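A.B. asks: The residues making up each chain are set out below.
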Amino acid sequence: MQNLNRREFLKLFGVCGTGAVLSGCSEPKRYLIPYIDPPEDVTPGVAAYYATTCRECPAGCGMIAKNREGRVIKVEGNPAHPISGGKLCMRGQASLHGLYNPDRFTGPMRRGATGQLEPIKWENGQDLLASTVNGIARRGGTGRIVFLTDLITGSLEDMTAYWLSEMGQQNGHVMYETYAYESLRQANKVVFENDAVPTYRLDGLDFLISFNADFLETWISNLEFARQFGEFHPLKGDKKNKFIFVGPRLSMTANNADLWIQTRPGMEYAVALGMLRIILDGGLIKGIPADRRAYLGAITADWSVEKAAAAAGCDPGMISAAAGEFARAARPMAIADGRSMFSANATETAVAANLLCTLNPKSLDAVDFGRPHSYSKTASAQSMKGLADRMRAGEVDLLLIYRANPVFSLPGEWDFAGAMKSVPNVVSFSPAVDETSSLANLVLPANYSFETWGDYSPRQGVSGFLQPIMGPVFNTRGLGDILISTGKKVKSEISFPWRDFNLALQGYWTRAYKDSGGSGTFRSFWENLLMRGGYWPQSPSPSPAPSITTTAFSFPAPGQKPGKGMPVVVYPTIQFFDGRTANHLWVQEIPDSMTQTTWGGWVEIHPETAREMDLGKGDLIEMKTDFGVVEAPALPIYTVPKGVAAIPVGQGHTNFGRFADGLPANPFKLMPSGIDMTSGGIGNPGMYAAVRKTGASFDIAHTDGSFSQHGRDFWQTISLDERNKMAANGTQPYIDYPLPKGYDESKDFYPPHEHKDYRWSMVVDMDRCIGCGACVVGCYSENNVAVVKREQVLMGREMSWIRVQRYFDDETKLARWLVMLCQHCDNAPCEYVCPIFAPQHSVEGLNNQIYNRCFGTRFCSQNDPYKVRRFNWYSFSRPSPLKWQLNPDVTVRQKGIMEKCSFCVQRIIEAKIEARQKGRKVKDGDFTTACAQTCPTNALIFGSLLDPESRVSRMINDVRAYQVLVELNTKPAVIYLKRVTQEIRA
Amino acid sequence: MTFVESNPRTYLMESGQPQGLTSYADADMQIIRTMWHPGTFYWFCVAMTGLGVAVGAIAWGYQIATGIGAANVMHPVMWASYLTNFVFWVGIAHSGTLISAILFLFRASWRTSVSRASEAMTIFAVMIAGLFPLIHLGRVWIVYWILPYPNQRNLWPNFQSPLVFDVIAISTYLTVSFLFWYTGMIPDLATIRDRTTGMKSRIYGFLALGWEGSNDYWRHYGTAYLFFAALATPLVISVHSVVSWDFALGISPGWHSTIFAPYFVAGAIHSGLAMVLVLLIPLRKIYKFENLLTINVLEQIARTIILTGLIVGYSYAVEHFMSVYSGNEPERFQYEWRMTGYYSWLYWIMVVCNVFVPIALFFKKVRTNLKALFSIGILVLIGMWFERLVIIAGSQAREYDPYSWGVYKYPSIVEWGILIGSFSLFFFLFLLFAKFLPTISITELKEAIPPEEIKG
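Chains as they are written, first to last, in my numbering: chain C, 112 to 1097; chain V, 896 to 1351.
Be aware that a few hints might be false.
[As the list claims (entries may be wrong)] In silico lysine-lysine, PhoX-like type, Cα no more than 20 Å apart, as pairs: (1) C:LYS753 to C:LYS836; (2) C:LYS900 to V:LYS1304; (3) V:LYS1183 to V:LYS1341; (4) V:LYS1183 to C:LYS728; (5) C:LYS836 to C:LYS350.
[As the list claims (entries may be wrong)] Counterexamples of contact, computed for chain C against chain V with all Cβ distances above 12 Å: (6) ASP402; (7) PRO427; (8) GLU524; (9) THR621; (10) SER635; (11) GLU922; (12) PRO946; (13) PRO976; (14) LYS1006.
Hints were generated in silico from the structure; no laboratory data involved.
Remember, predicted model here, so these are calculated numbers, not experimental data.
Backbone N, C-alpha and C fix where the C-beta goes; we use that ideal spot for every residue, glycine too.
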């Protein structure tokens, strides 16, 4: 996609636009066999690329979708987009599985006499909706119709509001997001007088402390933060910025920190207050105005570092170390999670973090309230509870649902499903079945984001566009179109003058066109929007720093008594967000970064605590809080402190399609049911559960064979000082070059391989890797890697070509990752053992696996020390329509053959053909592999070692370079750069 | 000793010579009378083993249809019970040739009575062993790609691969063993031809290749037999050495060792001799061959088992020593894990059965006790089967990358079916052999009768 030029783009856009205009005239053709009516300008075998926006979470990353023969087969980040910058996270990569989810609604349905949903015609469905709305409108009264959607913005939000007002309803639109950041907004209101989720910029910082904010996983805009983290944290020259994480659990984000300050759940604010106190007492930061000093002094009066450390349950030295680092930094920053469902005292922690940010004016440069995030619009938990109460009181006649799933994610005790039963008419526009939509009487399924027109603005100043990349997979329609046509039925053509939503969208954007004051016609403005994938005016002017108040704020005094039972940390994961991606096969199949678990939830317990409680891996335990009970298997692991349990959210679905249902467990059911009246979030006094062993077991489908690397130097670290010393001395790393110059007569039996034109190679910078797993899904998607599901993962038969291996350091018990993929060795042990040359060494250094040649002795895998070869135990299949996602450039493997990473050989060939057409050789950066393309931190770098100027050629001589298992003389072409560690001392 | 008493013609002697035969016709008839008139028990056994073969065939068919996933092999243990069976059966195949050829060359007279049966055992075992690499293939339908013959695909096997060595070694071994067995049988087939009439006589006549028993025939026969014996002997060593290289040429910890060739050969003979005991003791009873297969013969086998058991024990010890001495951490861990890890129970069964149990054979009382010999034979077979599983599955389960460690837990129903099928096929073929071919070499038997005993 990097080689997509303007001309191609316009061509593609033209096709798309024409198709859309034509389809507007009548019901769109729904042939799913491509090319019964071939569109012009599309060549079979040549991919078309369209810009669109990821709608898997509210972050709104820009995407480029690849269309082959009428079907979307791959998504990548849009390089021009300010949020995604050409990258995508695991969920974004897996969005195709939402599109091709076999459990999507296949067409409009209504609940029949038997109580089952029965298919109906679109006309009838829309008539039904229109007559219901008509009846309500005729009866009068406002608030009778509630339109419950996930976070939507721009033209669709406009259309929804307009539609509701035309129906005589005010304030009927409720945007529900599980994570509404009430506490964060409240804290911003308290400290910065701004009830909003601002835009954070982490890339310009030199020190970051996160109070339980998992900004690399789900927090606000995780991919953007991951990209910024890739600027902020890795080694730059001989310096490396410092990052401290404060929280009760070693999350993926925490594990990227230079220091993890373990706290008791919910007591993170004590660390922040202790830091404030130290900075104030020691006068560590100069230039704090006297009134500010007095104000902060009063707040932290009770919080000597000892008290704070005792309250937080950590070492006081760590607090002073953090304070020292914060004070020394030129541009420090403190962020806090601000989701009260995940932690007690979420508002307090966020306020304390904000107070830290007020110490140094530079901190506030990284917080932009002038460009609030759209999260600021979402309904608070309090208003959702209010909605449930209103529904239960019979004040709602019609509930319209679009993509929101509160039944799954609201506290179990609120019984949102029960409240929905009091609503006489429930209509769902959601594309796929979920716990909420399954309660609807009428289902009018809307298109998935890849099939529809639209726009989405994650924050002010950035609007991403959505355009139909392909015809609808099922008998679905765009939500905007449904609203327009029902609006016409209820009201008239005059009220709803648009032929379809596309025109309404264009109408909406004429305003922006006029505002932009740009030259040219609207047509060219519009085409440019579609081509670029959205609207983000260049160089936004910096917003003024927020004002800082001195309103009093009281923190709960130190010395609170913990509740009864085992403290429970509930946390979100990068793969499931709030559970909405649980029906995507890939995210179920890809192991969790920290626990390496697939297909089903778990309860993390420290191994020592587990031993004391006599819990083994996979023992099903019952966790019971005052508000609910769940059962999930125990997983003894070092990610939680002793005596604490942690459960991820996202699993435990009951009606979310075949891939998500029936897996343990949904901890939203354990949530406290109270409301924190100041923030409007869930009132969470801390969760404590009675833990009971049920005696049953649920095997954990994990992919890790060991916690430890057993001293085998798979992952290696180097301290910053040592690295700098070595670099200064000009120390050369020991590398067995996968090149003829790596040949050594004393240890090589066979002559060296000569290469022609290229020697493909990859450098993996483990100082950049954050362990997020986006590369893995990118690879699954590009290379048609089979998903084997739970039973087969339990057998150890997962098929991933690339994996993010997790080990724990034997001493610190911190996790260390290693991205493992085929090493394309120059002296490959897998090659010589095959009796029939199925693995074959190419002249470009690739270790090619010739699928047709393989008859499955599996000796290559036996002899592969990196264990990256995967065997097709069966002919793994994909239920329709998931198979439409398959990349036609990559063979789908049959049972009985071996496969493995090919360095995306199809991309190499494509790049070579393109280069040949231009009459030159492939240049460094012309293309890259699927894993490297989506890596948010650019930890993977691909290129040719025969090009002395290529990035890989330059990087393999870095002092940090090493090869895994170099002692086996395999001469791997994947060269790792050691992770740089630095100690944070008081 | 009940069956000894039941045959008054038999008495025990210290020599390995056949007892109680007074004429060549006696010799002919004692062997031939065991043929062609089976009882119901025989047919029952044939039916049961035939059923077992069918079970194996169905299991294999199912596996071909669904994929290797039907077996419980997994990543990283890509090879498990199938290749364990392969090595096991190749091992069994060894003793046959060993007894026939090597003992023939050394002129060990006691081999006479067991050579034919053990040669048959060799051939059947090699046939079954040869099946397992096919069973274990992902796409068995294109297995012929491994054969080096000029073809339109312009493809050629990779002669660096130990698996190609295997094909060559096993097929050579099968061919030579078959020819050795068949050559030795020609005069016997002629004898049967002469002592039967009608169709039988014609079939055996065909198989006897027109043997007429002239001086020339005997001279050629003797030379050919000697040559085959001389040819087969190095094959005993080479074939199992090659099999061991399937592993030793791999780089996995636990496999990559120069001791593998002698270690595997000793192990193969160990299990082969045990199999000889397990087969001969019932055979002797059923066919009332106590006079031919004297206890002395069995005692000699038992003595050899002591030797092979000690060699195997030495190999185990050396492997462990080398793993520590080499300073190779994955190697050291591998052997430590063998003793203490998931498969440790298999390991200890293996050590006890293969090394400690045979030590009991130092006692003459044990050596001459048929029940004890039979039990020890069974135990050694179990031990040797486990040895192969420990080496194959155990080594793979703990390779270099700790992240990719995993264990093969137990055989799937398909693997059990194929295991049952393989043993059934072996006994099925052996039963057929026992009925339709002379199980003891009549020729050699006659040679072994002391001339002074000949009365008729």
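A.B. asks: Now tell me, hint by hint, if it's right for this structure.
C.D. replies: Do the hints match the structure? See the list:
no. : hint                   : result
1   : C:LYS753 to C:LYS836   : violated, 38 Å
2   : C:LYS900 to V:LYS1304  : holds, 19 Å
3   : V:LYS1183 to V:LYS1341 : holds, 18 Å
4   : V:LYS1183 to C:LYS728  : violated, 58 Å
5   : C:LYS836 to C:LYS350   : holds, 12 Å
6   : ASP402                 : holds, 56 Å
7   : PRO427                 : holds, 37 Å
8   : GLU524                 : holds, 41 Å
9   : THR621                 : holds, 56 Å
10  : SER635                 : holds, 53 Å
11  : GLU922                 : holds, 16 Å
12  : PRO946                 : violated, 4 Å
13  : PRO976                 : violated, 4 Å
14  : LYS1006                : violated, 4 Å
The structure fails hints 1, 4, 12, 13 and 14 (numbered hints given earlier, in ascending order).
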